[in-house]
Amino acid sequence: MEKNVLLGHGSGGKLSHDLIKKIFVAYFDNEILRQQTDSALLKVEKTTIAFTTDSYVVDPIFFPGGNIGKLAVCGTVNDLAVSGAVPKYISAGFIIEEGFPLSDLETIVKTMADEAKKAGVVIVTGDTKVVNRGQCDKLFINTAGVGVVDDKNQEIAAGKNIGAGDRIIVNGSIADHGMTIMASRNFGNFKTDIHSDCASLNAMIHDVLDAGCRVKFMRDATRGGLATVLCELAESTGNGLVIDEKAVVVKENVRGMCELLGFDPFYVANEGKLVMVVAAEDAEKAVGIMQKHPEGKQSSIIGQLVSDHPGKAILLTEIGGKRIIDMLAGEQLPRIC
Amino acid sequence: MCLSIPAKVTSINGDTAVVSVGGTEYEASLQLLNDVKIGDYILLHTGFAIQKISEEDAIETLKVFKEFDELNEQIKPKLEE
Amino acid sequence: MKHIDEYRDRDLVDKLVKGIHAISKKEVVLMEVCGGHTWAIQKFGIPSLMPPTVKLISGPGCPVCVTDRRFLDHAVALSRLPGVVITTYGDLIRVPGSSSSLNEEKSRGADVRIVYSVLDALKIAKENPSKKVVFLGVGFETTTPPSAAGLINAMKENLKNFFLLSSHKVMPPAMSALIDEGVAINGYIAPGHVSVITGTSIYEPIPRSYSVGCVVSGFEPVDILQSIYMLVKQFENNDFKVEIQYKRAVTPEGNVKAREAINEVFRARDDWWRGLGTLPLSGLGVNDKYADFDAEKMIPVEIEETKEDKGCICGLILKGLKKPNDCKLFGTACTSSNPVGACMVSHEGACNAYYRFNR
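Protein chains in written order, with the working numbering: chain X, 19 to 355; chain U, 312 to 392; chain S, 2 to 360.
Any given hint might turn out to be false.
Covered stretches of chain S, going by a simulated chain U footprint (3 or more residues, C-beta under 8 Å) [claimed, not checked]:
hint, region
1, 156-164
2, 198-210
3, 271-284
Computed cross-link-like contacts, DSS-like style, restricted to lysine-lysine with a CA-CA straight-line distance of at most 30 Å [claimed, not checked]:
hint, chain 1, residue 1, chain 2, residue 2
4, X, K303, X, K170
5, S, K124, U, K363
6, X, K340, S, K248
7, X, K106, X, K61
8, X, K209, U, K363
9, S, K258, X, K330
10, X, K340, S, K27
11, U, K319, S, K132
12, X, K39, S, K56
13, S, K311, U, K348
14, S, K258, S, K3
15, S, K329, X, K340
16, S, K107, X, K40
It should be emphasised that the hints constitute simulated quantities derived from the structure, not laboratory data.
Predicted, not measured: the structure shown is a model, and the values here were computed from it.
Note that CB positions come from ideal geometry on N, CA and C, so glycine has one too.
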């Protein structure tokens, strides 16, 4: 392994997985942690609680479509919701750099309050630390969240019931968030109107579950993008995946940015997109319900699980060719080749 | 080393042009290319316009596939054997 | 998107694929020598559409892959000097040098910045007059004119703190060298954007001397498939020539203005290519007129002794003599997250493309 921590270790790809496996899971090791689900499911007497945490260090902290606070609340709500839980309570810890404008802090905190209200969660505890100028990059936020998991939804987080024939659904366009951040960092000085897809998905998920659709697995497609979730799904279930490239939605303006920088949208971060595995007979119904929500207007079935090529995710390319979808090593970088 | 993208010229300001790729705009250098006009499509490579895309030749390239219709008609009986 | 989507049209693709299947009778080996082609061929899954007679192999088209490890060591050494800012395209950042990479140096505090264009590097130089800004120039004839423009502008604006470290190369010597070495090739899918700059007369010696066809190809699936069709047709008819498939961007004369910029700033020199050794006049160094901007001359630094990895057969893979999975290190010691050789690091190195799309 490398001697120092690299940016790639935080990008969600193979390097991140290695770091988690070789250091964090190795030392913290326990049955619950080994499940590696988006939220840990904890039995507290007869109830199953979902518990999750995330830290937010995005730069820039304000971007089209949101800010670091919105990311924090939506991110934690979504980690709970995709694990089959009803999100209830959130904690918020702030590490603030000396000199950070109070007006900016207020804007961010107000955003968090608005988002929490929309998602139906309460921010019940928190912490604040201030560090010397230069010791953190403007503002870091950590959120932790708890939710309650109904008995019938217990299997969703780990996806133990997935089988060949199940359909794979995504709730809309991919790569919006990551390319928004790229553009906002003024890399290359591109001017664009793309904006982040940052949103809480719990209401949409709730309606799908409430309608009785047999949802077998969900994961939000954040760092590492859609491809990373598909690879993880193939590896962990031992099934093969077949994905239809034409069914995956990419907005025109996002595509333009991707083509310019040589990015593959499949590996770009999202903040309002999930991958849902549903029993074949419920797939169309689930998509119909999702499309009625603003966060799911462009929901589509993008593929299915198969018994062939176990552990591998295969892409049917837009021209009818076939190739493997692999996990990216570290962060995707702008290239000229 | 060739990632170059077709981009449409939307305005020109001396040695630079604003070009658009699917809605994203960039101020490209025209230092390496002559006779660029608004409405032209250029190939954008690492910030420079390196060539104009010929609309005529693009149409020609796509037209060539007419010959394939005939070819396919010829091979159809062979494939069905 | 215009000039992209039309060339991904499924009907046209199907027609071309059927056409290739129909005319290909004998086994034919086609090599592409452009990283962009390696990438596109794998990304669209083109090998899965070919008849068994058509073999597509990857050549030394990835400039990152063929670049001497010493260039990376030089960049690493410069990055360790106080007051030096290294500006580079993203492609180079993870390429392993003998003991480190630019990414490693960045994590240790070196000022290494990824830029989209040499113009961004010039801006950094102007905004930081007390720092020495070094731009890493890699790439073939497509990317050389921008580097040239960078130095022309630096001279015009009288910048004292902007430098180029050049590892630019030219393509044609490698194409001949491969056949001279005995690599069995029946046709070249010739690099589309290199040809935009150079024009096509540079390829004329290849069909003439070697009976190997050259078709200058665009980068969309329809372009590549049409080029494959044209090469197979040449081969089946024993009629080898230079043809342009990428007519909408490539002319026989190329871009004269861009070539003038190259000639203004650079001079040809012998250069070492991984897999091919030293090829005469195959590289480009900064000429005397622009010596004040040549990092090699202006920033003295000690460079460590170059160490290559045992077992890495990038050289043979770059020549198309071996496939990535012929390498003992492939998939085990050398993976895309832990690359040993340049072919695995580079986003469109043959090993990387193979590992990610084909294993």
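To see whether the hints hold, each was checked on the structure:
no., hint, in the structure
1, 156-164, "violated (count 0)"
2, 198-210, "violated (count 1)"
3, 271-284, "violated (count 0)"
4, K303/X / K170/X, "holds, 19 Å"
5, K124/S / K363/U, "holds, 26 Å"
6, K340/X / K248/S, "holds, 28 Å"
7, K106/X / K61/X, "holds, 16 Å"
8, K209/X / K363/U, "holds, 22 Å"
9, K258/S / K330/X, "violated, 48 Å"
10, K340/X / K27/S, "holds, 24 Å"
11, K319/U / K132/S, "violated, 37 Å"
12, K39/X / K56/S, "violated, 40 Å"
13, K311/S / K348/U, "violated, 54 Å"
14, K258/S / K3/S, "holds, 26 Å"
15, K329/S / K340/X, "holds, 26 Å"
16, K107/S / K40/X, "holds, 23 Å"
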